[in-house]
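One letter stands for each residue in the lines below.
Number of protein chains: 2
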Amino acid sequence: MELYFVTHNEAKYREAEQIGQEFKIEIRWLNFEYEEIQEDNLESIAATSCRRLIELKTDLQEKKFFVEDAGLFIESLKGFPGPYSSYVYHTIGNEGILKLMNNENNRKAKFNSVIALHTKEGINLFKGITEGIIVEEMRGNQGFGFDPIFKPHSSEQTFAEMSLKTKNLYSHRQKSLRKLFTSLTAFET
Amino acid sequence: MELYFVTHNEAKYREAEQIGQEFKIEIRWLNFEYEEIQEDNLESIAATSCRRLIELKTDLQEKKFFVEDAGLFIESLKGFPGPYSSYVYHTIGNEGILKLMNNENNRKAKFNSVIALHTKEGINLFKGITEGIIVEEMRGNQGFGFDPIFKPHSSEQTFAEMSLKTKNLYSHRQKSLRKLFTSLTAFET
Numbered sequence: 000m001e002l003y004f005v006t007h008n009e010a011k012y013r014e015a016e017q018i019g020q021e022f023k024i025e026i027r028w029l030n031f032e033y034e035e036i037q038e039d040n041l042e043s044i045a046a047t048s049c050r051r052l053i054e055l056k057t058d059l060q061e062k063k064f065f066v067e068d069a070g071l072f073i074e075s076l077k078g079f080p081g082p083y084s085s086y087v088y089h090t091i092g093n094e095g096i097l098k099l100m101n102n103e104n105n106r107k108a109k110f111n112s113v114i115a116l117h118t119k120e121g122i123n124l125f126k127g128i129t130e131g132i133i134v135e136e137m138r139g140n141q142g143f144g145f146d147p148i149f150k151p152h153s154s155e156q157t158f159a160e161m162s163l164k165t166k167n168l169y170s171h172r173q174k175s176l177r178k179l180f181t182s183l184t185a186f187e188t
Numbered sequence: 000m001e002l003y004f005v006t007h008n009e010a011k012y013r014e015a016e017q018i019g020q021e022f023k024i025e026i027r028w029l030n031f032e033y034e035e036i037q038e039d040n041l042e043s044i045a046a047t048s049c050r051r052l053i054e055l056k057t058d059l060q061e062k063k064f065f066v067e068d069a070g071l072f073i074e075s076l077k078g079f080p081g082p083y084s085s086y087v088y089h090t091i092g093n094e095g096i097l098k099l100m101n102n103e104n105n106r107k108a109k110f111n112s113v114i115a116l117h118t119k120e121g122i123n124l125f126k127g128i129t130e131g132i133i134v135e136e137m138r139g140n141q142g143f144g145f146d147p148i149f150k151p152h153s154s155e156q157t158f159a160e161m162s163l164k165t166k167n168l169y170s171h172r173q174k175s176l177r178k179l180f181t182s183l184t185a186f187e188t
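For the record, the sequence lines run as chains A and B. Count the first sequence with numbering that gives the first Met the number 0 and you get residues 0 to 188, in order. Count the second sequence with numbering that gives the first Met the number 0 and you get residues 0 to 188, in order.
Simulated from the structure, these hints should not be mistaken for lab results. This one's a predicted model, so the numbers in the text were calculated from it and none came from an experiment. None of the hints are false.
In this list, chains with the same sequence are indistinguishable; a pair is considered to hold if it fits within one copy or across any two.
DSS-like mimics (lysine-lysine), calculated; alpha carbons at most 30 Å apart, straight line:
1. K77 <-> K109
2. K63 <-> K23
3. K77 <-> K11
4. K98 <-> K77
5. K23 <-> K174
6. K109 <-> K178
7. K77 <-> K107
All chains, full assembly: derive it from the sequences and hints.
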């Protein structure tokens, strides 16, 4: 099966590549940066990105490809940085989030991932959520983005303290990816 | 002259209405919420909003109308919250910005405003910038958004301590509005 992952983020591609192997799906990386709409939900962003990509790169129309959008939603900050996680990471960063969470007792947060898959039949969405907390200090140097400050409930490690293999047991993205791959392989024998 | 301002923000409309009177331009308010693209510059956001509005509301095609997008750019936060000012205001708010600026000596910030005007001839952009600082504590209860924490260099008051009339002497938006109105009335006698 030919399946393309359109993303500018190599780390995301590596995560998908590893999980793809379990499903015997070889994922091809299309390193392409695209403009996202300024919407407050990941579903709309991912679905619209899919549609725009087809307009921009008409050769994609005949291909099976997916995009993924993720965000960190912090309860005490009303869901901030949410769908703007990438921009917020590149401006105030992990340090900024920790400053905002200073003296905050409610440290609940969740990472959401939404995949939009394009096939000739249309667009399908797959969602993954991992709940956890914002830790007090940055921990670990693996992963990317807000990984050093997020610890899922079911682990003692932050995402940045985990190997790729371990993160692929806990992350929001492995959940959406597994749903996608399960759906794609469900009717094979 | 029939001129429409498409905005969901009544306070913005009031500011424009007052300055319009100086130019003898009566501005009509089109209270309509529209989706913005997730771009990192106000020019693209405003221009694209204009184009999308025409697609969405085809009766606008024949009309003279403008949209405005503004953002607060804080130097020590690499321009955050910038084009995402509205989302950031509705999540972490003024309190969040003050927390991020805690113990920060460089308090320089600027407010940018970009107007995109649609006429039958196409789209024109008008920009206004006001430089100032982020004050240590919120001051004033007029205006909206980040007005209580922003003080322009040339005044002792924050935007939220100013009357509408005074804010219309200092603000970024009065600058872009005056450029727009000057351009629209330049060829009248």
